[in-house]
Structure formats: structure tokens, C-alpha cells
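Trainee: Using this note's numbering, the first residue of the sequence shown is number 1, and each one after it goes up by one.
It is possible that part of the hints are untrue.
[Claimed, not checked] With beta-carbon atoms standing in for the labels, derived distance ranges: (1) W48 to L27: 24 to 32 Å; (2) G2 to D26: 17 to 25 Å; (3) P61 to Q36: 44 to 52 Å; (4) D4 to I43: 13 to 21 Å; (5) G59 to K24: 53 to 61 Å; (6) V50 to V19: 46 to 54 Å; (7) E62 to K29: 50 to 58 Å; (8) S25 to A64: 56 to 64 Å; (9) R28 to F56: 37 to 45 Å; (10) L11 to L40: 15 to 23 Å; (11) D26 to L53: 30 to 38 Å; (12) W48 to D22: 36 to 44 Å; (13) G2 to E23: 18 to 26 Å; (14) S15 to L53: 32 to 40 Å.
Calculated directly from the structure, the hints in this document are not laboratory data. Bear in mind the structure is a predicted one, so any value in this text is a computation, not a measurement. Glycine included, every Cβ here is placed at the ideal spot set by N, Cα and C.
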Amino acid sequence: MGADDKMFEALIAASGVPVQDDEKSDLRKAYGSLMQLAQLTRIPGRNWEVRTLPHFVPGPPEGAEE
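Working from the sequences, and respecting the hints, build out all of it.
Mentor: Encoded structure:
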């Protein structure tokens, strides 16, 4: 059993929620997808600074100031 499998089983056990086999299979697939995304984003030296988006305020339509 790999580290991801052990962590998944520990999360299921820690939740205390009874999980059926088919639900557990679906949750395992979702967990695997999240772990793959985490590996793609955990790049050494990655800049985690959040930049603000450009702010746009439309001007009044032509002729509205008259």
C-alpha cells in the first residue's frame, strides 16, 4: 500500500462516516485526481504571490455628459 493509499484510508477512518464500497471507489478516484493536481502545482521555486486583476470601470456613453 502506497503513501497516498494510506493517507486516503486514514482520512476515511478519521471522518467517522460510514462509506460503502462504491462510494469509497468514487472518493478514491477524486482523491487521486486531487493528488495529481497537487503534484503539478507543487513546483519548487513557484511564485505563490497573488496578483490583483486589472480593474475596469466603463466611462459614460458618448453624449451622456451633455
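Trainee: Against this structure, judge whether each hint is valid.
Mentor: Hints versus structure:
1. Between W48 and L27 the C-beta distance comes to about 28 Å, which sits within the given range of 24 to 32 Å.
2. Range check, G2 to D26: about 19 Å between beta-carbon atoms, so the 17 to 25 Å window is met.
3. Distance hint check for P61 and Q36: the Cβ-Cβ separation is about 48 Å, which falls inside the suggested range of 44 to 52 Å.
4. For D4 and I43, the Cβ-Cβ distance of about 19 Å falls inside the hinted range of 13 to 21 Å, so the restraint holds.
5. As the Cβ distance of G59 to K24 is approximately 56 Å, the hint placing it in 53 to 61 Å holds.
6. The hint said 46 to 54 Å for the Cβ distance between V50 and V19, and at roughly 35 Å that hint is violated.
7. Hint check: E62 to K29, Cβ distance near 55 Å, so the stated range 50 to 58 Å holds.
8. For S25 and A64, the hinted distance range of 56 to 64 Å is satisfied, since their beta carbons lie about 60 Å from each other.
9. With their beta carbons about 43 Å apart, R28 and F56 fall inside the hinted range of 37 to 45 Å.
10. Between L11 and L40 the C-beta distance comes to about 21 Å, which sits within the given range of 15 to 23 Å.
11. Under the hint 30 to 38 Å, the C-beta atoms of D26 and L53, about 35 Å apart, fit the expected range.
12. Between W48 and D22 the Cβ separation comes to about 37 Å, which falls inside the hinted range of 36 to 44 Å.
13. Hint check: G2 to E23, Cβ distance near 21 Å, so the stated range 18 to 26 Å holds.
14. At about 36 Å, the CB distance of S15 to L53 agrees with the hint of 32 to 40 Å.
Violation of the numbered hints given earlier is confined to hint 6; every other hint is satisfied by the structure.
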